[in-house]
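Dock chain U against the given chain R, drawing on the hints supplied.
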Amino acid sequence: MGPLITYELISQDTNFLLAFIIGIGFGFVLESSGFSSSRKLAGIFYGYDAVVLKVFFTAAITAMLGLLFFSLFDWIDLDLVYVNPTYLYSAIGGGVIMGAGFIMGGYCPGTSFCGASIGKIDAFVFIFGLFIGVLLFSEGYPLWEKFFNAQFLGYPKISTVLGLSDGIFAFGVILVALGMFWVADWAEKKFPQPEY
Amino acid sequence: MAIQEQILKKTKYLNPYLGGVLLGLVLLAANFVSGRGLGASGAIKSTLVTVVNAVAPNHAENAKFYQEEAISHGEKPLKSWLVFEMMGVVVGGFLSGSLAGRLKLKVEHSPKITSKRRLAFALAGGILFGFGSQLGRGCTSGSALSGMAVISLGGFISMAAIFGTAFALAYFFRKNWI
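These protein sequence lines map, in sequence, to chains R and U. My numbering applies: residue 1 is where the first sequence begins, and numbers increase by one. My numbering applies: residue 1001 is where the second sequence begins, and numbers increase by one.
Worth flagging that the hints you see were computed from the coordinates, not collected in a lab. Heads up, a few of these hints could be off.
Residues from chain R shown here face chain U by an in silico Cβ test under 7 angstroms; the list is partial [claimed, not checked]:
#	residue
1	GLY2
2	LEU4
3	PHE20
4	SER38
5	MET104
6	PHE126
7	PHE131
8	PRO142
The C-beta atom is built at its ideal place from N, Cα and C for all residues, glycine as well.
Only chain R is shown next, with the shape it has when bound in the complex (with noise of 0.2 angstroms):
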C-alpha cells in the first residue's frame, strides 16, 4: 500500500502539493516548539533549555515506532522507502563542521527558513550564509570530491551493524532517551538562563 509514490497511488504533482503540505506541517510543527529562536535551539548545549534534544528524539522515536508498526500491519514496505547511503567518512566529516556552523549559528537549515519565516533577522544572515557554504562546496567539488565519495559502505541499517532486530534497537533507544531526557530536566534546572 505505502509508499503511495511508489505504488502509483498517487501522481507526481499530487505528490509535489502533498510536499507542500508535509512542509507547512514541518514548519507549523517547528515553529511551535520553539525552533524559531536560535536561543532555544543553543540552550541544550549549555543545558538551560534542552528543548531540542526532546523534540528530536521524541519525533525520531515517533516516526522509528511508527514504520515498524506500518511495516508490521502490511501498511509499508519497508524495503521502498528511502534509506541513507552511509559514506563513513563524509558522513563524520560534514557533520563535525555543521556542529560548529550549529554552535557558531544557532541554527541548522530547516529551523533557520522556520526562524526567518517570522523575522528573524539572524536567521536570515545564516541562510545567506548556507548559500555561500553550498556554494563554496560545489565551486571547490574536486578538491574533495575524493573524500566525499570516500568509504562507501552501502545503504547499512545501524540494528543490522549491531546485529540486533529493528525492535529491539529501537526499545534501546527508546531506554537511552528517556534517560537523556532525565538529565535534561535535571540540567535546565540547574542552569537556568533568562527568556531574552
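Frame of chain R, contents of chain U only:
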C-alpha cells in the same frame, strides 16, 4: 484571570514531547506518502544550482559538480520534493508564528553581545553548515532525523557528529549564548 492566562499561554511554546510526537507523525507521513524523509539543505542546493545554471551556463556545463547534478536531478532542479516541502515550511512557520503572536523583525541575541556580533556569527555558522550539509549528504533534518527514523547507520553517525561537535565546542562560544 482566565483571559490573562489564555494570553500568557498563547505566547508560550508547545510541550516539547507533544511537539516531538507531532513532528514524528509528519515524518511518518512523508515516508508513507513519498517513501522518503524530511529535509532542508537539499532545497538550498537545488536553488543554488538553478541560479548558477542561469547566471553562468558555460561554467555549469564545464564544472563537474553541476554536471553530476544535471545527471542525478534533471534539467529542472527546482521541481523537486524538497523545494515544495521547504516552501511549506516557510508557510507553516509563518502560520504558527502569527497565531502565537511571535511575528517580529528582530535580531535575537544575548544582551551581553551586540547585534553585529550575533549577525557575524550567524553568517559564519551558516557558511559552515551549508558546506557541511553538502559534504555530509544532508543536514539535521535530512540526514540525522530522517536517517534515524529509518534506522540508517549514516543517520546515527550524522546525529552523533553534529551534536557531539557542537557540545565539544560550546565552551569556546559560550559568550554568545550565556
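Would the hint on R:PRO142 stand, with a C-beta cut-off of 7 angstroms toward chain U? 6 angstroms, holds
Take the shortest C-beta to C-beta distance between R:PHE131 and chain U; is it under 7 angstroms? Hint on R:PHE131: holds, closest Cβ of chain U at ~6 angstroms, below 7 angstroms.
Interface restraint verdict for R:MET104 against chain U (beta-carbon cut-off 7 angstroms): 4 angstroms, holds
Can R:SER38 be said to touch chain U, with a Cβ gap under 7 angstroms? Since the shortest Cβ distance to chain U is 6 angstroms, the answer is holds.
Does R:PHE20 meet its interface restraint, that is, does its C-beta lie within less than 7 angstroms of any C-beta in chain U? Cβ of R:PHE20 sits 4 angstroms from chain U, so the hint holds.
Mind checking the CB of R:GLY2 against every CB in chain U and telling me if the closest is under 7 angstroms? Nearest chain U Cβ about 5 angstroms off; hint holds.
Please check whether R:PHE126 passes as an interface residue: C-beta within 7 angstroms of a C-beta belonging to chain U. Hint holds; R:PHE126 Cβ to chain U Cβ min 4 angstroms, cut 7 angstroms.
Answer holds if the nearest beta-carbon of chain U is closer than 7 angstroms to that of R:LEU4; otherwise answer violated. 5 angstroms, holds
In terms of the numbered hints stated before, the structure departs from none.
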